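Colleague: Work the whole structure out from these sequences, hints included.
Next come the chains, spelled out residue by residue.
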Amino acid sequence: MLHYLIEKEFKQFFRNTFLPRLVISLPFMAILIFPLVANYDVKNFNLSIVDSDKSPYSGELVRKIESSGYYRITDVSATFDDALKSIERHESDILLEIPVHFEKELVREGKATVLISSNTVNGMKGGLGSAYLSSIVADFNSEIRSELMQVSRGRQVPAIEIVPMYKFNPQLSYKVYMIPAIMIMILALVCGYLPALNIVGEKESGTFEQMNVTPVSKIHFILAKLIPYWVVGFVVLTISFFAAWLFYGFLPVGSFVTLYVFSSLFVLAISGFGLVVSNYASTIQQAIFMIFFFVLTFIFMSGLYTPVASMPEWAQAISAFSPLKYIIMVFRLVYLKGSTVHDLLVPFAALSGFAIFFNSWAIMSYHKKN
Amino acid sequence: MKQSLPTDIVLSAENLTKKFGSFTAVDSISFEVRKGEIFGFLGANGAGKTTAMRMLTGLSNASSGKGTVAGYDINTQSEQIKKTIGYMSQKFALYDDLKVWENIRLFAGIYGVPAKEIAPRTDRLLRQLDFEKERNTLVKSLPLGWKQKLAFSVAIFHEPSIVFLDEPTGGVDPAARRTFWEMIYQAADRGITVFVTTHYMDEAEYCNRVSIMVDGKIEALDTPGNLKKQFNAQSMDEVFHQLARKSTRKAD
Chain A
1 MLHYLIEKEF
11 KQFFRNTFLP
21 RLVISLPFMA
31 ILIFPLVANY
41 DVKNFNLSIV
51 DSDKSPYSGE
61 LVRKIESSGY
71 YRITDVSATF
81 DDALKSIERH
91 ESDILLEIPV
101 HFEKELVREG
111 KATVLISSNT
121 VNGMKGGLGS
131 AYLSSIVADF
141 NSEIRSELMQ
151 VSRGRQVPAI
161 EIVPMYKFNP
171 QLSYKVYMIP
181 AIMIMILALV
191 CGYLPALNIV
201 GEKESGTFEQ
211 MNVTPVSKIH
221 FILAKLIPYW
231 VVGFVVLTIS
241 FFAAWLFYGF
251 LPVGSFVTLY
261 VFSSLFVLAI
271 SGFGLVVSNY
281 ASTIQQAIFM
291 IFFFVLTFIF
301 MSGLYTPVAS
311 MPEWAQAISA
321 FSPLKYIIMV
331 FRLVYLKGST
341 VHDLLVPFAA
351 LSGFAIFFNS
361 WAIMSYHKKN
Chain B
1 MKQSLPTDIV
11 LSAENLTKKF
21 GSFTAVDSIS
31 FEVRKGEIFG
41 FLGANGAGKT
51 TAMRMLTGLS
61 NASSGKGTVA
71 GYDINTQSEQ
81 IKKTIGYMSQ
91 KFALYDDLKV
101 WENIRLFAGI
111 YGVPAKEIAP
121 RTDRLLRQLD
131 FEKERNTLVK
141 SLPLGWKQKL
151 AFSVAIFHEP
161 SIVFLDEPTG
171 GVDPAARRTF
181 WEMIYQAADR
191 GITVFVTTHY
201 MDEAEYCNRV
211 SIMVDGKIEA
221 LDTPGNLKKQ
231 FNAQSMDEVF
241 HQLARKSTRK
251 AD
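These protein sequence lines map, in sequence, to chains A and B.
Numbering (this note's numbering) for the first sequence: 1 to 370.
Numbering (this note's numbering) for the second sequence: 1 to 252.
Since the hints were made in silico from the structure, they are not lab data.
Since the structure is predicted, the reported quantities are computational estimates derived from the model, not experimental observations.
Ideal Cβ positions, reconstructed from N, Cα and C, are used throughout, including at glycine.
You can take every hint at face value.
Capping the alpha-carbon separation at 30 Å, the derived lysine-lysine pairs in BS3-like fashion look like this: (1) B/147 / A/218; (2) A/11 / B/91; (3) A/218 / B/116; (4) A/11 / B/133; (5) A/203 / B/19; (6) A/104 / A/54; (7) A/203 / B/91; (8) B/140 / B/83; (9) B/83 / A/203; (10) B/66 / A/203; (11) B/99 / A/218; (12) A/203 / B/147; (13) A/11 / B/147; (14) A/11 / B/83; (15) A/11 / B/116; (16) B/229 / B/217; (17) B/140 / A/203; (18) B/66 / A/218.
For the chain A half of the interface with chain B, some residues (derived, Cβ under 7 Å), not all of them: (19) 212; (20) 215; (21) 216.
Modeller: Right, here's the structure in full:
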């Protein structure tokens, strides 16, 4: 009996003018475009310079900043107030004031001050902009000091230089961090939300009730809904892996087998979640809002955008209940670090728990009879 | 499929009741339907017809009372009942985005018609309905009258012992209604019991026996001829109006 139902679901899926195209193009679009736009590698700060000193050293500092590649000097003002106006006009994001006697104080007293002031309406951008600028100034400072001291004392200055070594994501590329998470979002969409909407759609059209007066058992009905989307989900996941390699040459350090194993667990959990939603919603509108509510919570609590470790403690506690958190963690670890199932026992247990929890709930809340 | 029952009663209800909170939608109804009979189940909107039918078809649990369909208990054996009945609801319930033959194949498969019989029986059915040209048409592009005929044919494709029709001819033109009733007669001749709700009183005249529900209770149950005599009326329409006047429930 099951094969008649599955056959029907596949016919309906491929006859839909919209779904098959969406499913094929989504991974390509998402993996090509999302990482390009969802990016914290801030570049092209517009910098306003107030150089009241106009000395060789101040000129050197400005050149050093310019050559860093992060800043575009869009404004050169005579006074701090003028520079501030250019920030107000949105012509610059950050300003650097080099005071009069900058060079003289630097040479004579061995220290000088500069003022960095940034527009923090966008806190992220303002913070990063001034942090980069401070580190350039600090770098400049240490160069000048060693140069001056060599002149005065004629010997090397012992200095501690910290050279960070970034493991697993050496370019600190945000893209590489984002792509595994995007793959998961797509998988959740195809295997969790689409079947839920499909079931609620049958409720709306009346065919659900028609099915309930037939001998189709609830387990057959549900399996027939899920199996086609599971198949489609794994096709889409494979396309995602392919697209990541095609566009970015991005391949997991760990094994694909690990990824597929964890994906299967996650798919079980998220389709269970979808079934729970479909049991409580009687219209597509209700279902969409229920999914929207939970998915938004799951995503913000998952560490997709901001690391879980940076959340307040109460939020970290809540994030333990987001299945997305574990699978995104697994994908990032397998892709970047090459973790194996052995290293990932905690997410394995968590995802299994979610799969059991959601599916039991779904079975208990499904009523063929009322 | 022949049912080997001690009597020829296919459906029975005994003090069947459904309560929603303090509201009694179906109030202790009792009746019997015999094999091969066309049983009209009438009542105004909100009288409790659909609720009663949902209990008999296993979609809804009875609050109290007993019932059997095809020899199975509606309270405990609803899954067995579902194998031996056909059902066609007022809300048209074939799949719009499947073709005519695909709908037939799906429901035949679900009801356990053997796989190799499905194709020849589909051919025969389409020939009888004069539907051969529409075999590959999506159901959503069929006219309503045709859809209803198809839905009825699908509901009896697996030769159920009883078929439930919930306002099958709503919104259909008189000519299509007539051919629809011809199909109902053919099914009854083959021994399929027909349990039908309708709002058209001319259709009530076509039934072997009719019951009329008012405010959750069955107020009258007999052949159309006897009912007209009993209420001293010219037509079933008049009988219905006399009974419906007693209703204290607001129609929806």
